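Construct the complete structure from the given sequences, taking the supplied hints into account.
Same order as they appear, the protein sequences are chains C and W. Under my numbering, residues 111 to 418 are what the first sequence spells out, in order. Under my numbering, residues 107 to 385 are what the second sequence spells out, in order.
Quick caveat, the hints were computed from the structure, so don't treat them as lab data. Please read all numbers here as calculations on a predicted model, not as lab measurements. For glycine and all other residues, C-beta sits at the position ideal for the given N, C-alpha and C. Mixed in with the good hints, there may be bad ones.
Said to hold, decoys possible - Here are some, though not all, of the chain W residues that point toward chain C, as calculated from beta-carbon distances under 7 Å:
1. ALA120
2. ALA127
3. PHE155
4. SER215
5. ALA232
6. ILE252
7. LEU319
8. SER362
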Amino acid sequence: MRQKSLFVKNRIFMVLTALSAATVAIVVIAMLVVLTCASIAAIKHFGVLHFIFSSQWNPVKKIFGGATSIYGTLMTTILAVLFATPVSIGIAIFATQICPSRFRLFFSNAIELLASIPSIIYGMWGLFVLAPIMKNYIEPALQAIFLPIPVVRLFFEGTPLGIDILTSSIILSIMIIPFISSISQDSFDLTPKELKESAYAMGATKWEVIKDVILPYSKIGVLGGVILAVGRALGETMAVAFVLGNDHHIHLSLLKSSTTISVTLANEFTEADFGLYISSLFYLALILFVISFILLGIGKIFVKRIEQ
Amino acid sequence: MNNLEKRKLISNIALSLSVIAALIGIFWLVFIIIEVLIKGLSSIDLSLFLKDPAPPGIKGGGLRSAFVGQLLMSLVATIIGVPIGILGGTFISEYGRNLKISRIISDVSDIMMSFPSIVVGTFVYAIIVKPMGHFSGIAGSIALAIIMIPIVLRTTEQTLKLIPWELREAAFALGAPYYRVIIDVVYRSASAGLLTGVILSIARVAGETAPLLFTSFNNPFFTLNMNQPMPSLTVTIYQYAMGPYSDWHKLAWAASFVITITILFVSLFSKWMIRRFKA
Numbered sequence: 111m112r113q114k115s116l117f118v119k120n121r122i123f124m125v126l127t128a129l130s131a132a133t134v135a136i137v138v139i140a141m142l143v144v145l146t147c148a149s150i151a152a153i154k155h156f157g158v159l160h161f162i163f164s165s166q167w168n169p170v171k172k173i174f175g176g177a178t179s180i181y182g183t184l185m186t187t188i189l190a191v192l193f194a195t196p197v198s199i200g201i202a203i204f205a206t207q208i209c210p211s212r213f214r215l216f217f218s219n220a221i222e223l224l225a226s227i228p229s230i231i232y233g234m235w236g237l238f239v240l241a242p243i244m245k246n247y248i249e250p251a252l253q254a255i256f257l258p259i260p261v262v263r264l265f266f267e268g269t270p271l272g273i274d275i276l277t278s279s280i281i282l283s284i285m286i287i288p289f290i291s292s293i294s295q296d297s298f299d300l301t302p303k304e305l306k307e308s309a310y311a312m313g314a315t316k317w318e319v320i321k322d323v324i325l326p327y328s329k330i331g332v333l334g335g336v337i338l339a340v341g342r343a344l345g346e347t348m349a350v351a352f353v354l355g356n357d358h359h360i361h362l363s364l365l366k367s368s369t370t371i372s373v374t375l376a377n378e379f380t381e382a383d384f385g386l387y388i389s390s391l392f393y394l395a396l397i398l399f400v401i402s403f404i405l406l407g408i409g410k411i412f413v414k415r416i417e418q
Numbered sequence: 107m108n109n110l111e112k113r114k115l116i117s118n119i120a121l122s123l124s125v126i127a128a129l130i131g132i133f134w135l136v137f138i139i140i141e142v143l144i145k146g147l148s149s150i151d152l153s154l155f156l157k158d159p160a161p162p163g164i165k166g167g168g169l170r171s172a173f174v175g176q177l178l179m180s181l182v183a184t185i186i187g188v189p190i191g192i193l194g195g196t197f198i199s200e201y202g203r204n205l206k207i208s209r210i211i212s213d214v215s216d217i218m219m220s221f222p223s224i225v226v227g228t229f230v231y232a233i234i235v236k237p238m239g240h241f242s243g244i245a246g247s248i249a250l251a252i253i254m255i256p257i258v259l260r261t262t263e264q265t266l267k268l269i270p271w272e273l274r275e276a277a278f279a280l281g282a283p284y285y286r287v288i289i290d291v292v293y294r295s296a297s298a299g300l301l302t303g304v305i306l307s308i309a310r311v312a313g314e315t316a317p318l319l320f321t322s323f324n325n326p327f328f329t330l331n332m333n334q335p336m337p338s339l340t341v342t343i344y345q346y347a348m349g350p351y352s353d354w355h356k357l358a359w360a361a362s363f364v365i366t367i368t369i370l371f372v373s374l375f376s377k378w379m380i381r382r383f384k385a
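Below is the structure:
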């Protein structure tokens, strides 16, 4: 009798744990289904390719296209990754190869603290501290350098306001540095000691060991970290909502305001007052969902491969 | 300059560059924290915690309602999210440890941890706010809980995997059923690790803004009713920082100061806990 009740209780506990684990999968599937259903009106009205490539975003005329938001999302993300990757790899090299091991824990923890600062703080800091610096010093200096150069000048035209793609990308890059650098450190640490030491024994300099042994050995892990960071930067909202403006125009210049999918959602979701408008916003959310999920999945596969 | 000297020079330049990269990283951290400290400390006073917001343009006022709303929503999110996360993590590392589906759920949770939180907000808007017809604190809590669950699940899974199998086998040998083994032996020896996971997840959602924008929305008045729009510190910061009044900016900095210091302190504490647990 007692045996039986224990068996039943064990079963109940097991089912409870299984249901809880299933919650994650259920939520993800439900999210996909709900977002698709909610955007069906916009999908029917604008189609897929047409929505992605149309740069019209005009609530008054009831015409919606995602190209402006998608362009801003891609530009800020690409620039952020370009800024963050070299710095992060440098940080990882410093932490694993140069830093005395006593300080390493302290140093890595300090860098990782960057990841725990909430994104709204990055946004506030960006708006009140970084944007004025960009506007008054850095952007005029960039213009002085690049405006005389043909073609390149296209990226630096316009009046520097500090509220633009460049400032947003810098803030995003600060936010993703800890992700790339901590995964790179893990990958660097996995390089077998024998490989490094045989290179040193051949008379290689420290940089040659890093460049020819450690980096090739850990490139998949670093790449995985970069992809994960891309996935993260794509969906970041608050940090860029403050400093990007909300401008549904595609400007080539980095010194002009723009918008991203998440910024559009944050600014317009509660204001959308008719069905097609809300549906188009859900459509944007769906696009962001799919892109982020795929990228984060790919990054995860890369990072997993080095763990094995 | 001979070849060896050249190689040494290149090596030194490259290493110096990586030192500079490290300095850049530290520079940003220090820059942000010092700004938040200076601007926050100069605007913080007791009325921040004791008074409700004043109407726009009028001096004074605090953010008592936002503090209470934030605490309430985080509390409800914790009550929903933590049991699901811990039980789910238990399934993955105990009952279902050899199942393929467990690995998939664990990977999906990992992805969810970096997932755009604003998408979670739109999802909760569609399933809760829209059917109910109005923004509410409970919708905000559910959005936060959805973000919490994968974090708690993953930390639970990783913590339980560190508990040696011999411990479980010893309990099995005494005739204990599996659920008793998990509750009395595994959870007990993993308690520090589990607690750290829970604290980390609370710290994570405490700084979330995007999922609250269209779930709990905002409310200038003090409320304890979870069925009403509820103010939170983060959404208030967003609104105040974007607003035109310098009084609002001061309050936003003060609130940022409180959030940043709390979260930094909590993350440092939990890092220390994790190291102690693993040792």
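Here is how each hint holds up against the structure:
1. Taken as an interface hint, ALA120(W) checks out: its beta carbon lies about 4 Å from the nearest beta carbon of chain C, inside 7 Å.
2. Among the interface hints, the one on ALA127(W) holds; its C-beta lies about 2 Å from the nearest C-beta in chain C, closer than the 7 Å criterion.
3. Taking 7 Å as the C-beta cut-off, the interface hint given for PHE155(W) is violated, the closest approach to chain C being about 19 Å.
4. Because the smallest distance between the Cβ of SER215(W) and any Cβ of chain C comes to about 5 Å, under 7 Å, the interface hint for this residue holds.
5. Using the Cβ-Cβ criterion of 7 Å, the hint placing ALA232(W) at the interface with chain C is satisfied: the shortest such distance is roughly 5 Å.
6. Among the interface hints, the one on ILE252(W) holds; its C-beta lies about 6 Å from the nearest C-beta in chain C, closer than the 7 Å criterion.
7. Proximity of LEU319(W) to chain C holds as hinted, the smallest CB-CB distance being about 6 Å (cut-off 7 Å).
8. About 5 Å separates the beta-carbon of SER362(W) from the nearest beta-carbon of chain C, less than 7 Å, and the hint is met.
Checked against the numbered hints given earlier, this structure breaks only hint 3.
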